[in-house]
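Chains R and Y supply the protein sequences, listed in that same order. According to the working numbering, the first sequence holds residues 1116 to 1605 in order. According to the working numbering, the second sequence holds residues 1116 to 1605 in order.
Identical copies carry no separate label here, and so any pair may be met within one copy or between two of them.
Derived SDA-like pairs: lysine to any residue, alpha-carbon spacing no greater than 25 Å straight-line: (1) K1353 <-> G1424; (2) K1461 <-> T1422; (3) K1505 <-> H1439; (4) K1467 <-> S1381; (5) K1353 <-> S1381; (6) K1224 <-> D1523; (7) K1335 <-> L1438; (8) K1224 <-> L1188; (9) K1356 <-> K1420; (10) K1461 <-> G1166; (11) K1420 <-> D1358; (12) K1353 <-> D1380.
Don't read these hints as lab results, they were simulated from the structure.
There are 2 protein chains.
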Amino acid sequence: MELMLAVFSLLFLFATQASPPLDQVLKYIDDHQDDYVQHLKEWVAIQSESGSPAKRDDVIQMIQIVGERIKSLGGSVELADLGNEELPNGRIIPLPPVVLGELGKDPNKITVCIYGHVDVQPARIEDGWATDPYVLTEKDGNLYGRGASDDKGPVLAWLHAIEAFQALKQELPVNLKFIFEAMEESGSKGLNELLSEKNETFFSSVDYIVISDSGWLSEKPVLTYGTRGLCYFFVEVKCAKQDLHSGLYGGTVHEAMTDLIGLLDSLVNSSGHILIPGINVDVAPLTEEERLLYKAIEFNPEDFKNTIGTTELLHESKEDVLLHRWRFPSLSIHGIEGAFSGPGAKTVIPAKVTGKFSIRLVPDMDPEKLNNQVTTYLNRVFAERRSPNKMQVTLKSGSRAWIARFTDKQYVAGRRATNKVFGVDAEMIREGGTIPIARTLQHTTQKSVMLLPIGGAGDAIHSQNEKISRGNYINGTKLFAAYIAEISQL
Amino acid sequence: MELMLAVFSLLFLFATQASPPLDQVLKYIDDHQDDYVQHLKEWVAIQSESGSPAKRDDVIQMIQIVGERIKSLGGSVELADLGNEELPNGRIIPLPPVVLGELGKDPNKITVCIYGHVDVQPARIEDGWATDPYVLTEKDGNLYGRGASDDKGPVLAWLHAIEAFQALKQELPVNLKFIFEAMEESGSKGLNELLSEKNETFFSSVDYIVISDSGWLSEKPVLTYGTRGLCYFFVEVKCAKQDLHSGLYGGTVHEAMTDLIGLLDSLVNSSGHILIPGINVDVAPLTEEERLLYKAIEFNPEDFKNTIGTTELLHESKEDVLLHRWRFPSLSIHGIEGAFSGPGAKTVIPAKVTGKFSIRLVPDMDPEKLNNQVTTYLNRVFAERRSPNKMQVTLKSGSRAWIARFTDKQYVAGRRATNKVFGVDAEMIREGGTIPIARTLQHTTQKSVMLLPIGGAGDAIHSQNEKISRGNYINGTKLFAAYIAEISQL
Chain R
1116 MELMLAVFSL LFLFATQASP PLDQVLKYID DHQDDYVQHL KEWVAIQSES
1166 GSPAKRDDVI QMIQIVGERI KSLGGSVELA DLGNEELPNG RIIPLPPVVL
1216 GELGKDPNKI TVCIYGHVDV QPARIEDGWA TDPYVLTEKD GNLYGRGASD
1266 DKGPVLAWLH AIEAFQALKQ ELPVNLKFIF EAMEESGSKG LNELLSEKNE
1316 TFFSSVDYIV ISDSGWLSEK PVLTYGTRGL CYFFVEVKCA KQDLHSGLYG
1366 GTVHEAMTDL IGLLDSLVNS SGHILIPGIN VDVAPLTEEE RLLYKAIEFN
1416 PEDFKNTIGT TELLHESKED VLLHRWRFPS LSIHGIEGAF SGPGAKTVIP
1466 AKVTGKFSIR LVPDMDPEKL NNQVTTYLNR VFAERRSPNK MQVTLKSGSR
1516 AWIARFTDKQ YVAGRRATNK VFGVDAEMIR EGGTIPIART LQHTTQKSVM
1566 LLPIGGAGDA IHSQNEKISR GNYINGTKLF AAYIAEISQL
Chain Y
1116 MELMLAVFSL LFLFATQASP PLDQVLKYID DHQDDYVQHL KEWVAIQSES
1166 GSPAKRDDVI QMIQIVGERI KSLGGSVELA DLGNEELPNG RIIPLPPVVL
1216 GELGKDPNKI TVCIYGHVDV QPARIEDGWA TDPYVLTEKD GNLYGRGASD
1266 DKGPVLAWLH AIEAFQALKQ ELPVNLKFIF EAMEESGSKG LNELLSEKNE
1316 TFFSSVDYIV ISDSGWLSEK PVLTYGTRGL CYFFVEVKCA KQDLHSGLYG
1366 GTVHEAMTDL IGLLDSLVNS SGHILIPGIN VDVAPLTEEE RLLYKAIEFN
1416 PEDFKNTIGT TELLHESKED VLLHRWRFPS LSIHGIEGAF SGPGAKTVIP
1466 AKVTGKFSIR LVPDMDPEKL NNQVTTYLNR VFAERRSPNK MQVTLKSGSR
1516 AWIARFTDKQ YVAGRRATNK VFGVDAEMIR EGGTIPIART LQHTTQKSVM
1566 LLPIGGAGDA IHSQNEKISR GNYINGTKLF AAYIAEISQL
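For reference, chain R alone in the conformation it holds in the complex (with noise of 0.2 Å):
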């Protein structure tokens, strides 16, 4: 990707004063907050885990409500059947269905697609929730709940922005698409067919892709322009029929767990530098313009190392600490499969044991050639072990990493929105994990994606306790007034 901070910043520089009509919707979606809130405490409360079987009727029943939604805004919209999901015990559900949306088919007017999501992960109040999961608790500015910030409080944002135009007889100043689905948590299981499928007509007329799914990096609101990808690896090395009495053998087998052991070291040294030759080789050169963006961020690595609970990091500033977060590669061992894991002692040669490692990538670097590199590397490195146990590396999912060009016209209406409602610049971000629908969308649909997220730094999403601010999610849904006001004017 080419940088043109000048170009960009000269875009920046038209930026609109704000109209009144604007500002009548941004007061309407104060006066209505409270409005608002009760419809997320309706929404938390239905349990749309997507990951738990026994509750596919809550996740079904909860796209089909945003489904009438649209409706009631006056959009058209498809239920789009993605047909069933087998679960590992051999049963067979059906999976929730996406809505596609259509709201506005004016030719003078652009056109923007939204895409949220409404299931959300599992959740028990004895997990360790100081309240339960599924009733919206208000406590000192914080609506706790789950999916408040991942995505079901977003995803009402957009839907609460365009009733207020609605409300105040204003006309929509752009054409609205939607996708909206309900497996985003588990995999999105048939989303990427459905969207190659539609991409000749859903998205024939679609000139923008926002999505709202992910959060600030700190206090300050942010437009995240890419996302690392993501190449799961399992390495498996077999050394036995069966476990072994490590009494009984300890002492003659090429034991499975030393080979494995041994392997899983040549990854990465102490100080997280990836060994495997040639990773490095397809890491886009960053610039010195690059470099200046990073600088500009707002980012306590201090900060950082207090919420992780370590007295020093990899890298020691601001900039190589967010570079290595979200635009060099990394590399992470998350685990063996098939040793002893529990509690106590156990005297076990394990048989067959599995590691379990993955690499984020960067652009451009490609799931397969990374897949051809890590296999050559760790064949040669167990050939060098001289090993008579069977040893096979697998790629069990790949994925590129995202990039957007943030020079697109949508990303100055981002910014000027963000000016318009919190007065500050929005930051200019990555996300170190992986998003899959960015690349997707911008890579079926060859259209502009932006992040555009409202969630909070700390919004313990997938944790305990999650929540949104109750000033990001209404300063979040005029953000989206007002987004869709600049960009109809761009």
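Using the hints, position chain Y against chain R.
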């Protein structure tokens, strides 16, 4: 230990001819073998799983039956109370008592003390048993059932051997003492303290201690004169307050798993050589005589490979394989607690991981010294990584190796008895595993201890389809009868 093969061979030359009264006993045993199988069936039916709290009543019933049986032989019995056991859930249940028995007090006879246990490992037919584990089932000359070989069969064999003398109105050639316990499969809780307490009283008159709680190496009967000890280590590394998402944090933190893998990889190389400095200093030097002893043992490395399911062992020759099973230390890495160990993929950076490994000790290694060597070494390796993480090495349990003077008279008696019953020389072997009671008894009482196993090499103890062959069970009974006849004459 000094080996005195020459002396040993000389003693063996004095082997007596079979005495007619013993022949009668052996014939009596043969004639009553169906009764013995029936008795074993009755004992196997009692589900005396010491590790299953719900079956504690069965365990207590089983040990009481043993006590009654000794009384019916005319012996006196103390059911030594060991108090209670506190379960992990806080529930208190009684420990089964230990049977301390005595049969004969003739000051002109020597006194042999026999150790065995009547508790068993858990067994369920759904674990993959071909027949009900608690219904002794004979098939193709084998008696299948939990405890058939470990250790109800051997305990019964001793009692039957004594009965045979009595049934023929023959005077028992030795005084007998018995230690039968019912917590062996669960760490023999409370036994060590009892043995220390009884050292002055119970053991003062004992000349020899025989343990029948292990197995043969091949098709040939054995006398076992050594076992390895065990030091079990935990090495814990902590990098964060809680688990981290590898997308959001990968590339910034010193990951605990990376450190732990590096530490574990520093322990042993791909040839099985332990890399901890000084570890071999205390290993007693191998003499040429000792190597010859190993040369004499019947053992086929090819069969051993096939049993394991490997194409190559760490060592090639028969002697080297056996030496490294029994006579040299070995290190096995068992697993990691706290890391991801399930099937599938999880992109976690575990906050705290604990590697588990153990070292098998041989004479004259000392657990405390080994602990120092391991801790010093791992601290050094960790310091070289310059990681800010917290690392801690803990020795969870440590036991020395056990080695007997196999020139003691009872080993001569064991060889003569073996020759008498099986018509072959007993193999002189060690065990690679740890049988703590052997060392405990020898160390506490300072008496001569011998393992005289009657279980076969493939009895699958602790596993599905445990068995003892009818041949081993009945000939084992004869072996015990012959042993007490032979030892009385030395």
